[in-house]
Amino acid sequence: MQYLFKFPDIGEGLTEGKIFQWYVEKGQSVKAGDALVEMETDKVVADIPSPKAGVIVKTYGNIGDTVQVGDVLIELEIEGVAGSEAQAVAKEKPAPVTEHIVEEQNFGVVGKIEAAGDGAYLPSSGEGFVPVEEAAPKSRGKVLSTPVARAMAKDMGVDINLVKGTGPSGRVTKKDIEQYHNSKGYLSNAKQQPLPEFRPDVMIEAVPLTQIRKTIAKNMLRSKQSTAHMSAMDEVEVSELVALRDKYKLKYAEQQVKLSYLPFIIKAVTLALKAHPVLNAELDMENEQIIYKKYYNIGIAVDTPEGLVVPVIKDADSKSIIELSKELEDLGSRAQNRKLTLNELRTGSFTITNYGSIGGYFGIPVINYPQVAILGIGRITEKPVVKDNLIVIGKVLPISMSVDHRIVDGGEVGRFMNDLIGYLKDPISMFLE
Amino acid sequence: MFEKYKPINDKMYQVMDNKGNLILKDWKGSLSDKQLTQAYLDMLFERTADNMAVSFQRQGRMNTYPPNLGQEAIHIAVGKVLTADDWVVPAFRELGVYLAAGASLMEIFLYNKGNENGLKYINAPHLLPMSVPISTQLLHATGLGFSINYKKEKGVVFAFVGDGGTSEGDFHEALNFAAVWNTPVVFIIQNNQFAISLPVKQQTKSINLAVKGIAYGIPSLKVDGNDFLAMHDAVSYARKNAADGKGPFLIEAFTYRMGAHTTSDDPTKYRTKDEDNSWKEKDPLNRLKAFLTKKKLLKGIDEEKLVDEFKQKIEKEFEAAEHAPEYKLDEVFDSMYEQIPDELKRQKHAYESFLLYKEKVQ
Numbered sequence: 005m006q007y008l009f010k011f012p013d014i015g016e017g018l019t020e021g022k023i024f025q026w027y028v029e030k031g032q033s034v035k036a037g038d039a040l041v042e043m044e045t046d047k048v049v050a051d052i053p054s055p056k057a058g059v060i061v062k063t064y065g066n067i068g069d070t071v072q073v074g075d076v077l078i079e080l081e082i083e084g085v086a087g088s089e090a091q092a093v094a095k096e097k098p099a100p101v102t103e104h105i106v107e108e109q110n111f112g113v114v115g116k117i118e119a120a121g122d123g124a125y126l127p128s129s130g131e132g133f134v135p136v137e138e139a140a141p142k143s144r145g146k147v148l149s150t151p152v153a154r155a156m157a158k159d160m161g162v163d164i165n166l167v168k169g170t171g172p173s174g175r176v177t178k179k180d181i182e183q184y185h186n187s188k189g190y191l192s193n194a195k196q197q198p199l200p201e202f203r204p205d206v207m208i209e210a211v212p213l214t215q216i217r218k219t220i221a222k223n224m225l226r227s228k229q230s231t232a233h234m235s236a237m238d239e240v241e242v243s244e245l246v247a248l249r250d251k252y253k254l255k256y257a258e259q260q261v262k263l264s265y266l267p268f269i270i271k272a273v274t275l276a277l278k279a280h281p282v283l284n285a286e287l288d289m290e291n292e293q294i295i296y297k298k299y300y301n302i303g304i305a306v307d308t309p310e311g312l313v314v315p316v317i318k319d320a321d322s323k324s325i326i327e328l329s330k331e332l333e334d335l336g337s338r339a340q341n342r343k344l345t346l347n348e349l350r351t352g353s354f355t356i357t358n359y360g361s362i363g364g365y366f367g368i369p370v371i372n373y374p375q376v377a378i379l380g381i382g383r384i385t386e387k388p389v390v391k392d393n394l395i396v397i398g399k400v401l402p403i404s405m406s407v408d409h410r411i412v413d414g415g416e417v418g419r420f421m422n423d424l425i426g427y428l429k430d431p432i433s434m435f436l437e
Numbered sequence: 145m146f147e148k149y150k151p152i153n154d155k156m157y158q159v160m161d162n163k164g165n166l167i168l169k170d171w172k173g174s175l176s177d178k179q180l181t182q183a184y185l186d187m188l189f190e191r192t193a194d195n196m197a198v199s200f201q202r203q204g205r206m207n208t209y210p211p212n213l214g215q216e217a218i219h220i221a222v223g224k225v226l227t228a229d230d231w232v233v234p235a236f237r238e239l240g241v242y243l244a245a246g247a248s249l250m251e252i253f254l255y256n257k258g259n260e261n262g263l264k265y266i267n268a269p270h271l272l273p274m275s276v277p278i279s280t281q282l283l284h285a286t287g288l289g290f291s292i293n294y295k296k297e298k299g300v301v302f303a304f305v306g307d308g309g310t311s312e313g314d315f316h317e318a319l320n321f322a323a324v325w326n327t328p329v330v331f332i333i334q335n336n337q338f339a340i341s342l343p344v345k346q347q348t349k350s351i352n353l354a355v356k357g358i359a360y361g362i363p364s365l366k367v368d369g370n371d372f373l374a375m376h377d378a379v380s381y382a383r384k385n386a387a388d389g390k391g392p393f394l395i396e397a398f399t400y401r402m403g404a405h406t407t408s409d410d411p412t413k414y415r416t417k418d419e420d421n422s423w424k425e426k427d428p429l430n431r432l433k434a435f436l437t438k439k440k441l442l443k444g445i446d447e448e449k450l451v452d453e454f455k456q457k458i459e460k461e462f463e464a465a466e467h468a469p470e471y472k473l474d475e476v477f478d479s480m481y482e483q484i485p486d487e488l489k490r491q492k493h494a495y496e497s498f499l500l501y502k503e504k505v506q
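Chains as they are written, first to last, in this note's numbering: chain W, 5 to 437; chain B, 145 to 506.
Calculated directly from the structure, the hints in this document are not laboratory data.
It cannot be assumed that every hint is accurate.
[Claimed, not checked] In the PhoX-like style, the derived pairs of lysine-lysine whose C-alpha atoms are separated by at most 20 Å in a straight line are: (1) 504/B <-> 178/W; (2) 163/B <-> 438/B; (3) 504/B <-> 168/W; (4) 47/W <-> 417/B; (5) 438/B <-> 158/W; (6) 179/W <-> 502/B; (7) 438/B <-> 56/W; (8) 35/W <-> 22/W.
With these hints in hand, go ahead and build the complete structure from the sequences.
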């Protein structure tokens, strides 16, 4: 009978080896223990001996070929039974396999390592023969699986030995059992919900891009692809700012001015930018220079139903809090109504995104390219803070910055943020300068 | 008896040379001619079984295996002095000793196929399992020796360790305690020159390994481990010494691991052919064979035929191991206690849950 000898794991956890030299050739007789081939592996160069006495029918692979552990190395005609005689024997004996040659037990590092492929165990008799005709499906000796899968098969009334395994080394997985179970109609009593038909006409909707969305998409991508984004975050205790705004809110409300925190923040930003001009600059790679801007035009990100727009408050540094408030309101309402002129969207030198007015704490804003810095404002939140060695309820403003790290170093961001935090903590200080 | 072989002088006890000629001219051993011949055949059997074990591993029929090639004289010498009262505490490269203690080859193969039932050693109740954690077994040996004294039992303990193991703290603790409590333990260091790939020269600055016993007050001796006659003298003496209540004894068996550390090791990467060849001349089997041939004791023995018979027997043992029942998960938990404690129950349950989880993620 024919016997397939597969390349075993001769080290610990080897997956492959290289054929170094063949000691045998087709037609040659070998004894059990005779060296068949010398294999080179990651761990050892070793002779592989024959597990059986017999005649070499075929050798697989040439010198230098890489062989995977579990690949057939040699086909042997085992002594004693041969040719038609072997076939006769095969017919008489109950076939331990249906359509595959029985493979030898294969050992590796720990415990039984399953022979690759079909992975049937070597029975004590009738091993390694090639059946000549296909018999009706019969259980193999034992398939590879986990105890849990075996238990599941038992519960479902499935003969696990009939299931074709798709797991490692032909292992029968839970899925295989389920599929086999379903394919055999075991589920006839179970409710089977048909999957809803996929109908592209009603299940999805394709909407053409608006001009504004196209612009946003292009600008966002350009910014991310053209700059080296770096972000930093901090918290500012703004109780004094809150008190200040509360104090004047009603007074200006009478004059139809809606006093928010944003004008204070814009003011603080312009002051900090003056001390750290690189954040109010632009990188001109073409001419290899940094362009410092002597104007402080602060873009304000506005959320509109059509998408994000960023109107610009020109010369924000020279405007009072009330002037800024009025302009913000005007720009904001015209942005909502899409009444902004192109000019009002241009020449920003720094951008603030006040996402906190909707929600959110920290964020990583995308720089409004070719500007080099953007400030994100989160929602003011009551939090425990330490003041004069006491834990008190503080009003905490989270701030998040992104800068173009190509020209803005981390230290400069830190210093800029320190100044900004200083102004926001102690808003009166802004008006003393 | 060994006064001239003080470890501090690095003098090694040898009886015969590489060609089987007596170095000690008026030497008279304690074994009969028949016993000497049998010892050679035992060594031959160990070597045949060992070679076949490597072959079985290479055929993919067995897991990683540590070859004994070249160290058989040590094992058979111990085997010849072992009594039923004695204990054997192995490292993992003492095949001949396990067989002498009553283990079957089938059990040894079974263990090396990853089935722990191979450690049951049905007919060797005084043989401990192999100990892969280096040197830990020496503490067990000392403990066994202590218990023999405490219970006023007969018998001595033979404990094995490699050259690398002498660098472990356990080695020193075991020696110290064994000496302080005068335990009947024979410590045998199989100095086969390499701790996997690390040569002894880099293992220790001591002039030899036997000298390490002196500081603990243990009589110690460096012996040619490839000289069966010398080894037998040494272990006989050490056994008697221990059995007579004189306490532990340390033997450095100076030998050479002619094979690989394990089947996963390739020694050509760290030692030279010249070195290998120089030790082939000291092959323990060839030396004893030459000695016996000179005494005309091997007449009528057809070695080739004998080896064939050995092979058939070994093959049968291996096939028996191949057809042994599988090792069950339950046995991991069930054999230590008569009644499984709650904590082990919990672990067993956790493992079963893990299998369930593994199945789910698969």
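Query - Violated hints, by number in ascending order, as checked against the structure - result: Hints 5, 7, 8 not satisfied by this model.
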